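The lines below spell out each chain.
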Amino acid sequence: MHFDFDDDQYAFRDAVRALLDERCGPDAVRGAWTSNEGHVPGLWSKLTEMGVIGMLAPESAGGLGLSAVDLVLILEEAGAHALPDPLVETAAVAVPLLADAGDDRVREVVDGATVAAVSPLDDFAINADVADYVLLFRDGLAHLVARPDVSVVPHRSVDGARRLSTVTADLSDTTAVGNAGLAARAFDAGALGLAAEQCGLAQRMLAITVDYVRERRQFGVPVGSFQAVKHHLANSRVALEFARTLVHRAAYSLDHDEPATAAHVSMAKSKADEAALLTARAALQCHGAIGYTTEHDLHLFMKRSWALARSWGSPAWHRRRVAASLARLAQEEFA
Amino acid sequence: MHFDFDDDQYAFRDAVRALLDERCGPDAVRGAWTSNEGHVPGLWSKLTEMGVIGMLAPESAGGLGLSAVDLVLILEEAGAHALPDPLVETAAVAVPLLADAGDDRVREVVDGATVAAVSPLDDFAINADVADYVLLFRDGLAHLVARPDVSVVPHRSVDGARRLSTVTADLSDTTAVGNAGLAARAFDAGALGLAAEQCGLAQRMLAITVDYVRERRQFGVPVGSFQAVKHHLANSRVALEFARTLVHRAAYSLDHDEPATAAHVSMAKSKADEAALLTARAALQCHGAIGYTTEHDLHLFMKRSWALARSWGSPAWHRRRVAASLARLAQEEFA
Amino acid sequence: MDLGFSPAEHAFRAEVRAWLEANVPRDLGSGDTRDGFARHLEWERTLFDARYAVVSWPEAYGGRDASLWEWLIFEEEYYRAGAPQRVTQNGIFLLAPTIFEFGTQEQKDRILRRMASGEQTWAQGWSEPNAGSDLAGIASRAVRDEAAGGWRLSGQKTWTTRGAFCTHLFGLFRSDPDAERHHGLTYFLLELSTPGVTVRPVERLDGDEGFAEVFLDDAFVPDADVLGEPNEGWGVAMATTGSERGLTLRSPGRFLATAARLVELFEEQAVDADDALRDRMVSAYIDAEAYRWQTFVTVTRMLDGRDAGSESSGAHSSMVKLFWSELDVRLHELALDLLGPHAELVDGPTAPWMKGYEFSLSGPIYAGTNEIQRNVVAERVLGLPRR
Amino acid sequence: MDLGFSPAEHAFRAEVRAWLEANVPRDLGSGDTRDGFARHLEWERTLFDARYAVVSWPEAYGGRDASLWEWLIFEEEYYRAGAPQRVTQNGIFLLAPTIFEFGTQEQKDRILRRMASGEQTWAQGWSEPNAGSDLAGIASRAVRDEAAGGWRLSGQKTWTTRGAFCTHLFGLFRSDPDAERHHGLTYFLLELSTPGVTVRPVERLDGDEGFAEVFLDDAFVPDADVLGEPNEGWGVAMATTGSERGLTLRSPGRFLATAARLVELFEEQAVDADDALRDRMVSAYIDAEAYRWQTFVTVTRMLDGRDAGSESSGAHSSMVKLFWSELDVRLHELALDLLGPHAELVDGPTAPWMKGYEFSLSGPIYAGTNEIQRNVVAERVLGLPRR
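Chains as they are written, first to last, in my numbering: chain A, 1 to 335; chain B, 1 to 335; chain C, 1 to 387; chain D, 1 to 387.
Among the hints, erroneous ones may be present.
[Unchecked claim] Some chain A residues judged to face chain C by a derived CB distance under 10 Å, without partners named:
hint, residue
1, L284
2, A289
3, T293
4, R310
What the hints contain is simulated information worked out from the structure, not anything from laboratory work.
If you're wondering where the values come from, they're calculated on a predicted model, not measured in any experiment.
Glycine residues also receive a C-beta, built at the ideal position from the N, C-alpha and C atoms.
Isolated chain A, as found in the complex:
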C-alpha cells in the first residue's frame, strides 16, 4: 500500500501547471467566451507537444504509455485553469478507447486532432463544431465520426467558454469503436475526468476567495478574520480534501480494471461535484457583490463547476449507480 503520487508524476503535473499558468490565465479563458475558435489559441499544440494529449496511448502509437493516475493530476490543473478545450473528451476518453480498440485514428489524436464527445447521459458536446472528430454513444457502443459527417446545432451555455451543441450523425456498425466493455470504460473515464476537473475548480475558487478575504476589510478588520467566513471556507476545504482522495482512488481502480471501478468512479464524481458546488456557493458568499460581477474572475470557475456537476452524470445519478452495488461493496471491500 502506497497512496501517493511519485516525484515524476508531480513533476509532470508541475510542468503542465506552468504551461497553463502562462497560456491559460483568466484572460485566455475570457478570450474563449468571445472568439470564434472555441479554443485557447496555440495551447492545444503545446499540450500535444508535451505529450499530454497522448499520455494514455502506448508508446507504439506515439503516446507516453501512462495511466489514469497520471492523468487525473493533469486534469485537476485543467480544472484549476478552467481550460476551455475538450481535454477530458480527447485525452481521457478518446485516446484510451481508440488505443484499446486498435483503431489507427489514435495516432491522429495523439498528434493533435481534437475529439468532442456527447456522453451517453447528455445531449450536448463542447466544441463539436470545431473538433476534428465527435464521439457519440448509442445502444451501449461508442462511435467516432469525423466532424464533416455530423450535423451540429449550437446552444449557449451559462459558461461562455463552453461551446455547446447538439450533434446528430448516421451511426452504424462501421462507425462503432471497440465493444460495449470499452464504451462503458470510456464513460467512466469521462466521468472521472470531470471529477478531477471539479477538484481543480474547487481548489482555484478557494484560492481566489482566500486571497480576497485576507485583503478585503470591513468593520476595521479583514473579512477573513470573521468566524462565519472561516467556517464556510474550512467546510469547503474539508470537502475538497476527501473528494480528491476519491478521485485518485478511482483513477487507480480504472487503471487496474478493479471490479468496483464503476462504483469508485461514481463516488468520485458525486463527491467532487458536491465539493465544487459547495465551494462555489461559499466563494460567492464570501466575496459579496464583487463576486457577482463578470469583471471578477470567480465566475469563470463557478459557472464551469455548475455545468460539470450536471454533465456525465449528476451526483444523484452517480449515487444511484453506487446504490446498485452497495450491498456487494459493503461485503467485498476487505476481501
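Following the hints, position chains B, C and D against chain A.
This is chains B, C and D only, laid out in the frame that chain A set:
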C-alpha cells in the same frame, strides 16, 4: 384575514404555563423517569380542573367547546415543559373523537380519565399501563378499549419519562369509535399535537442554551459572543419561527375541515420535527460536555424531541403525504 | 384567528387575475439591459394606467388606497400570472416608504406619482468600495454650498442596481466629516444627469449590465432634495433598509409562483425524477407556504400595532430575509438538478431557471449579507452578547 | 501508487479475522458501567494474551512490532467482527504515544506493558470547569514539595472519561503560577488511589457513569511521574492532543463497519425505505470509504516522512476530525430515521443504534469542538488571519 391569537387564547396559555412552571419543572420530569406512576403527581387533576383536558369537548359534555387553535398554544407549553402525561393523546385525539362520535365516554375523559394511544403508524403507546383507556387503530378505524381489556408489554425509551409499551387487544365492531373519517381526523390531530409539542421543545432548548452561552466564558469572553455559536442558534430560531406558523395554520385548517387539512398537518409536523432536531443538535453543540450529562436539564428536552420526531409519522413520511397532493395544492391554494 | 379573505378581497383577486391574464406581456426579456429596461417600463406604464402599479398608495399618487391584504393578493396574482419583476421596484419599495415617512409635502407631490408611472426611475446609492456589509463606513462626502443653497457631492457608489438606465439616485453621503460611522450622514436625492455625475455600467453574473458604478465629482444637489434632516441620514436610511430586508420587497407571491412552477417542472421531468428529488421539492414547497403564512402573521401584527417599529421588529425582518433568500436559492438549485444537462443552457425554454438561479444567489448577499442577518437575529432576538 | 496489500498483509488479515471470529465476545454490554468495565477488561486481557491488544507496539511491551498498515488492517477486522470499543483506549491511543516520545526508559518499562494488559487503566485529565475549548485556561495547580521529591496537586478535572473505573489519571497542572496560558504547565501521571484524590462519577447522556469529576487536594506525585520536563507540559500534551484528533483514535474500521451495518439495516427495513433515505445512505457510505482512503493517504505521507510533525500536519488532523465526527453523527441519524418509531428504544436488538447515536454526538464536542477545528483549518491550512 387575521393570523394571530386573541387575548383570551394567550391568557389561557399563560395560565397553563404558570401551572406547568410550578408543577412540571425539570425535577418533576426527572421524577417521571423513576416513579412507578408514570405521571407527574397531581398534575392531571389540575389540568382537568382548569378544563385543559376537555377543551375540545362541547359544553354539553362538560368541556369548554374550544378548538384546535386554542389547544396548540397549550401543547406548545406541554412541549416546553416536557410534560410526561399523554396530553396529546387524551385532549387532542380522544376527546374530539369521542365527542364527534357521540360516545358517552367523552364525559369520563373530560372528568379526568387518561387515554393512551398507538398511532396507526407506530407500535408503541406511552403510559398504556397506567391509563384508563387505550386508543388503537385498525383498518382505518379507531378503537377505544378499557385498560383491563388490553395486554401490555413494556419497553424502555431513551426518554425515561416516556413509559413505552406495545399493546394488544381484541378489536371488533363493538370497540370501534365513529367512522373512518373521524379516525383519519384523530390521526391528524395527534400528529399536529406532537408538532406543537416539538415547537415548545425547540423553544425551551433554545432558551436553556441562550442562558448558558451568555454566562459561560472561554477565551475571556462569553461563548455566546462567538459568531459560530450565534449562527447555530440563529438558524434554530428561524426554523422555529416558520414551523410555529405552519402549526398554527394547520390547527385552523383542522378546525375548519379545510380540504388541505392533511397536507397542512403534514407540513407542520415535518417542519416542527426538523426545527426541534436542528435545535437539539445546536443546543448540545453550544453547551459542549456539560450538555452531554444527565445532570444538566437539556437532555430531558432533547431526548423527547428525538422520540416525537419519529412518532405519528416522521418528517419523511409526512413529506410523502404532502407529495401526494402537491400538484393539486399548487393549483388550489389561491382559489 | 381568521384565515380567510373577505368577499371584497376575493372579488379584488378575481378582478386582478382577469386583468393580468389579459394584459401580462410575454417574453419581455431581461429588464436589466438598456432595451429590456425600456420594454419593461412600457409594461409598467400599462400597470400604472390601470392603477395597478402601486395599489396600496393613495389615489393622488396613482394608487388605490388598497389594504396590505389587497397588496399581498395583488402580488400573489402578479407572480402567479408570470408577470416580470418590476424594474421600478427600488424606487417603489425602498425609497417611497421613506418619502412617505420623512419627505416634505413638496417632495411627495413632485416625486411619488412620477416614480409610480416610471417617468422617474430610481437607483439605490448605498454601497461604496469600502462600505458593503459595513455600511457605516461610507466615505462619499457632501460639502455645504451655502451660496447655491445646497450641497456638492463627491465620491463613488457601487453595485447600483440598474444604475445605468435609471434617471435618479437616492443615497447616503457624509455631510459632517468629523462625525464617525453612523453619524453625520445625509440622505440625498439626485438626478443622474447632474453635471459631475458619471455612470459606468458593470456586468452582473448573468451577463446583463444590471449594476453600475456612480462616480460623483462636485455634483450639486439643492436643499429641496435632502430627505429628512441633514446629518440624520442614517436613521432615515435604516427605515428603508428595513423595507429592503423585510416584507415589502419580497412578497410571498414570487416564491409561491416559483414553487408551483417547480412542481410542474418535476412532473415534466419525471423520467429523471427520483424520490430524493421529490423529497427536496416537497421541502421547498412547504417552505414557500410557510413564508406565505409567516407574511400574513407579520402583516396581522403590523395592522394590530403589535411590535411594529420596535427593535425586535427590525430583527424579525432579518429572520424573514434569511428564510426567503435561502429558500429562493434552494428552489432554483433543485430546478437545475431536475434539468440535469440542460441546466446550463441560457437559450431555449429552460433558460429562465438558470437566470433565476443566478439572481437567487444575490439574495443571501444584498441588503445585508446573511452572515450579518444571523448576527442580528442572535443579538436582537435571542439576546446574545454583541462582543 | 500501489493500493493493494502485500501477501503478508493479506495473510495477517486472514489470521486476525479467524482469531476474532473465534474469540469476539457477544453482549458484553456497555463498558462504561462498573460491571461492564470489568467484563470489557477481561476481553481486553484475552486480546493482550493473544498479542492483539497493541499490535503496533514493540514485542517487549506486548505488541508485535506490526506496521501501521497492519495496525489499520487489524482495526478494520476488529470492527468488522463486531468487537466492542476498547475501554483501555485513552491510555493506549492518547497517553502511550506521548510516553513513547517523551517518557523515560523507566516510565516505559513500568507503564506500557501494564497499560496494554489492562492492569493499569488510564483516564485523561484535561478539561476543567473553566478550561474546555480554551484548554490553556487550566487552573489546577502543582506545588513543588522539594523535601518529598515530588509535587502536590490540587484542583478539579472534569469530563474524565471512565474516570470512576480507571486506576490512573494523566493530565496537565499549572506548576508555575506566574506563567500565563500555555506556559508553566506540567504533565503528570497519577494513581487515582493517591490520598487527596476524590472521584465523583457523572452520568453521561446515555445514562452510563462514563464521566467523572476528579477533585485533588494536595495529592502527592513523585518526580518519577512527571512526563517530560516540568513547565513544558503544553508541548508534551499537544502531541497527545494531535493523536486524539487525528489518526490513531479513529481508525476507519469503525465507520466502515457502521456503514456496512447501515446497509444491512436499510435492506431489512425496506418497507419504509424510500429513495430519499437510500440517497442519504449512499452518501454516508461514500464518506466512510473516503475516510478509509484518506487515512491511507495520511499514513503513506507519515511513512514517507512528508509533512509529518509540521504545523499543517496538525491542521490536517483537524480536517480529519471534522470529517469523521460529522460522518458518525450522519450514519447514526440515518439509522434512527430508518428505525422510525423503534428508534427511541433502548432495549431490544435495535438499542445499539440509539446508544451509538448518543455516542456519536460527543464526537463534534470532545478533543476540541468542531467550531475550534474549523478555525484551525481556516487559519493553518488556508492561512486566514487569526484576528
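Any hints this thing doesn't respect? Which numbers, in order?
-> Every hint satisfied by this model.
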